[in-house]
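Protein chains in written order, with the working numbering: chain A, 727 to 840; chain B, 17 to 263.
Hint data in this document are derived by calculation from the structure and do not stem from the laboratory. Glycine included, C-beta positions come from ideal geometry on N, C-alpha and C. Just so you know, nobody snuck in bad clues.
Calculated cross-link-like contacts (lysine to aspartate or glutamate; reagent style EDC-like; alpha-carbon spacing at most 16 Å):
hint, chain 1, residue 1, chain 2, residue 2
1, B, K141, B, D209
2, B, K61, B, D43
3, A, K809, B, E160
4, B, K141, B, D204
5, A, K809, B, D159
6, B, K132, B, D209
7, A, K809, B, D156
8, A, K809, B, D249
9, B, K135, B, D209
10, A, K809, B, D201
Just the calculated beta-carbon pair ranges, DEER-fashion:
hint, chain 1, residue 1, chain 2, residue 2, range
11, A, L792, B, P31, 47 to 55 Å
12, B, W102, A, L756, 51 to 59 Å
13, A, F821, B, S41, 45 to 53 Å
14, A, L753, B, H151, 55 to 63 Å
15, A, F821, B, A148, 42 to 50 Å
16, B, G77, A, F746, 30 to 38 Å
17, A, S828, B, W102, 47 to 55 Å
18, A, P778, B, P115, 50 to 58 Å
19, B, S41, A, P812, 46 to 54 Å
20, A, R736, B, L182, 13 to 21 Å
21, A, R729, B, M76, 32 to 40 Å
22, A, E745, B, I158, 31 to 39 Å
23, B, A148, A, L823, 44 to 52 Å
24, A, A827, B, R25, 48 to 56 Å
Just a sample of chain A residues kept apart from chain B, beta carbon distances all over 12 Å, derived:
hint, residue
25, W754
26, W757
27, L759
28, G771
29, F790
30, L792
31, S819
32, V826
33, I836
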Amino acid sequence: MPRGWWLRRRDYFLYMVREFTALPLALWLLWFLVEVQRASNGPKGYAAHGSPAFVVFSVICLGFALYHSVTFLMLFGVVTHIKGVPSRVIVLSQFALWLVASVVVAAVLIGFGR
Amino acid sequence: MAEKRITIRTTRFDPEKDKAPRLQSYDIPFSDESMVVLDALNHIKAHVDGSLSYRWSCRMGICGSCGMMVNGVPKLTCNAFMRDYWPRSITVEPLQNFPIVRDLVIDMEDFMHKLKSIKPWIIRKQDYPLGAGEHRQTMDQIDEFRQFSECINCMLCYAACPVYGLNNEFLGPAATALARRYNLDSRDQGLKDRLPVLANAEGVWECSFVGECSVVCPKGVDPAKAIQQTKFDTTMRFLLPYGNRDE
Chain A
727 MPRGWWLRRR DYFLYMVREF TALPLALWLL WFLVEVQRAS NGPKGYAAHG
777 SPAFVVFSVI CLGFALYHSV TFLMLFGVVT HIKGVPSRVI VLSQFALWLV
827 ASVVVAAVLI GFGR
Chain B
17 MAEKRITIRT TRFDPEKDKA PRLQSYDIPF SDESMVVLDA LNHIKAHVDG
67 SLSYRWSCRM GICGSCGMMV NGVPKLTCNA FMRDYWPRSI TVEPLQNFPI
117 VRDLVIDMED FMHKLKSIKP WIIRKQDYPL GAGEHRQTMD QIDEFRQFSE
167 CINCMLCYAA CPVYGLNNEF LGPAATALAR RYNLDSRDQG LKDRLPVLAN
217 AEGVWECSFV GECSVVCPKG VDPAKAIQQT KFDTTMRFLL PYGNRDE
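So that you can see chain B by itself, here it is in the shape it has in the complex (with noise of 0.2 Å):
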């Protein structure tokens, strides 16, 4: 039986000779029905074209760094089956709405940038003793904020948002998320040092909620039920007598 193939075209770009990206077809073996992208790339940059550049680390869905557009959807390349593409061929792309490094890498500077600004860490107005032990939470307090703290930072979702692709001041979808993921956190004192980066135009009133960050959103974290949340608690806080107070 003739060995099954699969055409791959994957974005080339060298900003030393390339004036443009372009994109290169491969053939290669289609052997295992287990196969995903990620492999795919890897089979070439092994056995076809060694200067083929890309980002992976883990390959189990968890790193969030092999974050690319396959058929123009936002998908981690490892979790991307190559049966549901085939005998179609498949176009990888870096991810959109980036400025690109090289073939399928982009810069993620502005992103790491947008992160920073939301103090994604615990932030108390008086440091927890260590002698006081453990600052337990109940399984309640828990839930509250669970889903949100499941975003690997893979940006699928900047991604696949015309908003930020449109004016790339906006905080975004991930950003947003994990700042909801500690203003929800019953430990945390941070909002009002979150606010001033969350409530302005550049933050969550720039979304016009087309949702789209949630569905590509490999680990089913919700970052527009985080951003529209966020609209309404600022509102609340603005329009309710003693909303601005001191948490």
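One chain only, chain A, in its complex shape (with noise of 0.2 Å):
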């Protein structure tokens, strides 16, 4: 295989974008892992990390989030055998528990905000 095998087609690129999400990912959740941590000193001593540059790097990771879990949810109905349930209702099941699950978040979030 030529070292440029992923250029080659679309398909395969779209592949390697997938799998490639995942390292900015973990370098976010590090960071956020750093911030958790610098918080438990408690608020007054904590001053959040807004630099641009994080910013730009937080929007990048974001959509290199939705892109994951889009490819992932859609390829969960290909991965899951459930006798008599066809897979489109599988992946739709997923979309709409991730909806559901991202709701609670952000009110659970938003609530601990006020």
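Join the two chains into one complex using the hints; note that each chain is given alone, in its own frame.
Right, here's the structure in full:
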């Protein structure tokens, strides 16, 4: 296989993007752990890290996270085998669960923030 | 009106003369809208260069012999219509990820070995006696494995799989799909005989779910699904109490 095999076809490229998204997401989550540690001293000693570079990085990571989530959930119907249930129904139910989970997490975070 | 023509570029390789495969161009008439790439190769062999070597048989998408790379995509050449490419030229190469024997002919020994390794036949602990009549199945039981039984062993999925291209120890898509076809068959009791091949490091766990095997399959089989579901099943067998029991 030549080194540039993943540039030969669009599908190969999108697969590599899907695999690559894990790397910046892992970096962002590591940074998140650092922020949690910094916040452990209480609200008075904590100032959120808000440099423009970090905001740009976070927005890029959000895009990657959405891409990874959507592709993962779309493939979920391929992975899961439930007798009598079409793959399409499994995929749609996963997206619905994702939506519900997002609303719950947002409500909890906003609730604590107040 | 001038006759329509098309340029076909095919791989030529004679292991006794050539150091590496090369491309050769042929300018041939594109006289019929129903012409497929296999017709073009047959025209070249019959009228231009009789030494061109390639495999084919049924010419109707059943035998799985005429799989080649058509403009970089694995296709059955009997099912690749030239009208979809004309007026662009068409490049026909042997299926990638396999050694070349000559011209467009690949060495399929590795695939045949893998196919045999998953024991693609019904395995019974005790043979069903002939006198007992048919071993009947319900439609639901047949639907469980039907799509995986459509595989024609054309090997397009292996040519589309970069994981197999990078590591040809990988069991690969078609062999796993056929293993799943038998594992899901209500008449079969051979799961434990197939697991050592399916569940080892070069089996289903080597797959990183590129998914191209299912995209290129000319028969609508979903080998990616077979592989991922086998991963799931083997994990459940490992985790669940009594998961590893005899079937």
